[in-house]
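Residue numbers (UniProt numbering), protein chains in the order written: chain F, 1 to 455; chain X, 1 to 455.
Be a bit skeptical, because a hint or two may be false.
Remember, identical chains collapse to one label, so a pair may be satisfied in a single copy or spanning two.
[Stated by the list, open to error] Below, computed lysine-lysine pairings styled on DSS-like, alpha-carbon distance capped at 30 Å: (1) K212 - K438; (2) K212 - K95; (3) K346 - K4; (4) K94 - K212; (5) K75 - K4; (6) K244 - K233; (7) K10 - K297; (8) K147 - K226; (9) K259 - K226; (10) K302 - K226; (11) K253 - K233; (12) K438 - K176; (13) K96 - K212; (14) K75 - K122.
Worth flagging that the hints you see were computed from the coordinates, not collected in a lab.
As a plain string of letters, each chain reads:
2 protein chains.
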Amino acid sequence: MEQKVRTFVKQYHLLEEGDRIVLGLSGGMDSMCLLFLLLQWRKERKLEILAVHVDHQIRGEAARKDAAFVEQICKEKNVEYRLFREDVEGIAKKKKLSVEEAGREIRRELFQSEQKRWGGSKIALAHHRNDHAETLLFHLARGCGLKGLGGIAPVEGQIIRPLLCLERREIEAYVKQRQIPYREDATNQDLAYARNRIRRQILPELETVNEKALLHFWETSQRAKKAWAFLEKEADRWYRLCRKKEEGRLLLKEEEYRKIPEELREYVLQKFLWEGAGKRKDITAVHIGLLEELWGKQSGRKHCLPYRLDALRTPEGIELYPAEKEEGKRPGEEKPPAVQMRIFEKQEEVTIFPQNPYTKWFDYDKIESNVKIRHREAGDYLTIDRAGGRQKLKQYFINEKIPQRQRDAIWLAADGHHILWVIGYRQNQGYQVTDRTKRILEIKVDGGNHNGRAD
Amino acid sequence: MEQKVRTFVKQYHLLEEGDRIVLGLSGGMDSMCLLFLLLQWRKERKLEILAVHVDHQIRGEAARKDAAFVEQICKEKNVEYRLFREDVEGIAKKKKLSVEEAGREIRRELFQSEQKRWGGSKIALAHHRNDHAETLLFHLARGCGLKGLGGIAPVEGQIIRPLLCLERREIEAYVKQRQIPYREDATNQDLAYARNRIRRQILPELETVNEKALLHFWETSQRAKKAWAFLEKEADRWYRLCRKKEEGRLLLKEEEYRKIPEELREYVLQKFLWEGAGKRKDITAVHIGLLEELWGKQSGRKHCLPYRLDALRTPEGIELYPAEKEEGKRPGEEKPPAVQMRIFEKQEEVTIFPQNPYTKWFDYDKIESNVKIRHREAGDYLTIDRAGGRQKLKQYFINEKIPQRQRDAIWLAADGHHILWVIGYRQNQGYQVTDRTKRILEIKVDGGNHNGRAD
Chain F
1 MEQKVRTFVK
11 QYHLLEEGDR
21 IVLGLSGGMD
31 SMCLLFLLLQ
41 WRKERKLEIL
51 AVHVDHQIRG
61 EAARKDAAFV
71 EQICKEKNVE
81 YRLFREDVEG
91 IAKKKKLSVE
101 EAGREIRREL
111 FQSEQKRWGG
121 SKIALAHHRN
131 DHAETLLFHL
141 ARGCGLKGLG
151 GIAPVEGQII
161 RPLLCLERRE
171 IEAYVKQRQI
181 PYREDATNQD
191 LAYARNRIRR
201 QILPELETVN
211 EKALLHFWET
221 SQRAKKAWAF
231 LEKEADRWYR
241 LCRKKEEGRL
251 LLKEEEYRKI
261 PEELREYVLQ
271 KFLWEGAGKR
281 KDITAVHIGL
291 LEELWGKQSG
301 RKHCLPYRLD
311 ALRTPEGIEL
321 YPAEKEEGKR
331 PGEEKPPAVQ
341 MRIFEKQEEV
351 TIFPQNPYTK
361 WFDYDKIESN
371 VKIRHREAGD
381 YLTIDRAGGR
391 QKLKQYFINE
401 KIPQRQRDAI
411 WLAADGHHIL
421 WVIGYRQNQG
431 YQVTDRTKRI
441 LEIKVDGGNH
451 NGRAD
Chain X
1 MEQKVRTFVK
11 QYHLLEEGDR
21 IVLGLSGGMD
31 SMCLLFLLLQ
41 WRKERKLEIL
51 AVHVDHQIRG
61 EAARKDAAFV
71 EQICKEKNVE
81 YRLFREDVEG
91 IAKKKKLSVE
101 EAGREIRREL
111 FQSEQKRWGG
121 SKIALAHHRN
131 DHAETLLFHL
141 ARGCGLKGLG
151 GIAPVEGQII
161 RPLLCLERRE
171 IEAYVKQRQI
181 PYREDATNQD
191 LAYARNRIRR
201 QILPELETVN
211 EKALLHFWET
221 SQRAKKAWAF
231 LEKEADRWYR
241 LCRKKEEGRL
251 LLKEEEYRKI
261 PEELREYVLQ
271 KFLWEGAGKR
281 KDITAVHIGL
291 LEELWGKQSG
301 RKHCLPYRLD
311 ALRTPEGIEL
321 YPAEKEEGKR
331 PGEEKPPAVQ
341 MRIFEKQEEV
351 TIFPQNPYTK
361 WFDYDKIESN
371 VKIRHREAGD
381 YLTIDRAGGR
391 QKLKQYFINE
401 KIPQRQRDAI
411 WLAADGHHIL
421 WVIGYRQNQG
431 YQVTDRTKRI
441 LEIKVDGGNH
451 NGRAD
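Just chain F, with the same shape it has in the complex (with noise of 0.2 Å):
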């Protein structure tokens, strides 16, 4: 076992001489199983180590009996050791995140601070093949592209895993065998974590589907990574080839494009927009959907994307550019309601709609134009029908008995002259969301908070 730990920290120049580590110390089986390795080489690589130990303070008793023990440990090898107590339930809350998801997080950046603190060379974590079989799987069921299918990689910036190549059974035969000790860590047994359903139902049952299941996974996940490294770097190459900065604006080129293999275009539209965004977070398959639409339409069309970026066919290609302040703002008026758009993808089983009236949906599809915000103007109407059937934005004012001095105030969400919102008052039927929808456009009014009308 040692053995193929020094083989594999070998191939993957995990460890240097005089590498200084900080280690992620739960006291669990996995983490003690790594400190008593590292201790072993403590001296003929001349390491210095860390470790750093996370209370969540979850499991009350429990967690400090783990932090006496880690401790105690410490003490006893002669390692340096910090203790820490967050309270990851709060956070998580605070986050929005799931309690595993925080405490990841949390211990994430407290590995960081302390490695900049102590002047760390390296965080080790005890991650092993079950970890990395559990965490493919989790990519595979919440969807993921390729880069997604190598799961957790040996080295990933500064953190090293040198368990990697282990599987928990060797791990635990081994810290049998050395009579290392260690503490069973209570929310393992929580089946209410997703991760711990993969971890321990179906990891185990696909266990018994092929027993080298957890091997497999591996090589499979490394081929995958190998492929994606390739694709990134040829669609690398091409997207510089095809793009143009000039005056805030972005152009991929047309003429350029079409040359890119048709496998790699996705790629290189997705550097496209994290150029363009300067953010990679929230850009999904759905706005390079959007793109790749509008290679097929004609000059002038143009897409909402997210932060604020729209995206314009032009005779040369496709610009990004900041989406215009919206219109219709006259002088002396208040300023428009800050709006957020988002288009994505309907799922099949959509039945539940946002009940927050400053928060709509509509058939993404059926927008003709482009979706602005302004005040009324002449020649606006409502479909009020579903064969079509079209009423003044001026008679539906009437109808609704809206006093002539607050009409011009209200703010709408218009395609062209069609009106898809008046937004604090009705949405327009013809724009609903029906079966056949496939994407949804969302706007959200001031956060969905405000309430649109000028009254």
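We have chain F; now place chain X onto it with these hints.
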């Protein structure tokens, strides 16, 4: 639901007007759903349908009822049909397949032969998203490359799978709503089948982790498939630049090979092996690894590969050619035994060694030159202890009291003058498979039956 299938059929060009469709019809929910959809389209698309039902002779009375049910429905709906009875268990035993695998193989062969006989243009199967996810997980557990991550495809040769856009529960709902009759398949309940475990235990668990798991599996699959197609295409282009064929030898040119992006090399080596062997089966990552290793070796080094193929390092690159006849054959003597060699990675827990005296395992990495099957030569020796102590082969024969006249007739597996195996007698301690063994060379003499003895 119907609309979804129509869109899917259009997207993948599954049906054309006038198609003659062989439908695999078990009588279960999925295939009955597909039958009814096809019937609905029969007129508008001018389809002709031939239903083929296979009774696996496993479920006795229930199976006869299935066949009767299919017959009745087909008569009612005016659909041509054929019923077959096959001894799946017997065939499984003979072919050393699981009953499920054998069933699949038999069905596929029957569908194809019926397609030919009837002049069908397509074979329609009722696989859905759950089957896709099941196959994907099965591939992952069993080990696969990018290609395997693709799961099952909407089109595969002449096979089409129009329901691959649906989850089982959608089919269930539709069948219920339309009151489509079907029969429960009792074998589906049997958890002993690996695939049934995935189907009935693992997938439902994964759906509790993420309710869109099946959709996400599909999407990730499609990405992996696209990536694989690209890598294949690129590898193919490179392979054509690198390969050269002359006088029964296939050469991979070093100069060109070195230019190949690192991530593509294994794909190129695989193509090289496929072409050299004239087969794809049994060419594994191990053999690709052997070729990779050869690049670092001196000219003149050789590796044995499956299908009696030798790989030779030359100054120009790597050559593949049919293995030379085993040496040591002298005029008038009996033919050397048929020998099969196979190299594979040692699984961590291998504890069971072949019990058959004519099948032996050796530590492949301890072999220095190239294994030959021959008779004795001057200078032959054995290793008799772990320290590497030697014994002359002659001395061994004397100790074993093997008469002089027999010694020349005994077959040996030799690594230079180092004897791995005195076939039919003893195996050399020096090549023993140990904890450190990574790759195993298996030698089978006459399919494991020949005793190698000349007496």
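Each hint, compared with the structure:
no. : hint        : result
1   : K212 - K438 : between (40 Å within a copy, 16 Å between copies)
2   : K212 - K95  : between (38 Å within a copy, 24 Å between copies)
3   : K346 - K4   : between (47 Å within a copy, 13 Å between copies)
4   : K94 - K212  : between (41 Å within a copy, 26 Å between copies)
5   : K75 - K4    : within (29 Å within a copy, 64 Å between copies)
6   : K244 - K233 : both (19 Å within a copy, 29 Å between copies)
7   : K10 - K297  : between (53 Å within a copy, 21 Å between copies)
8   : K147 - K226 : both (9 Å within a copy, 14 Å between copies)
9   : K259 - K226 : both (24 Å within a copy, 17 Å between copies)
10  : K302 - K226 : between (36 Å within a copy, 28 Å between copies)
11  : K253 - K233 : both (19 Å within a copy, 25 Å between copies)
12  : K438 - K176 : between (55 Å within a copy, 25 Å between copies)
13  : K96 - K212  : between (37 Å within a copy, 21 Å between copies)
14  : K75 - K122  : within (22 Å within a copy, 73 Å between copies)
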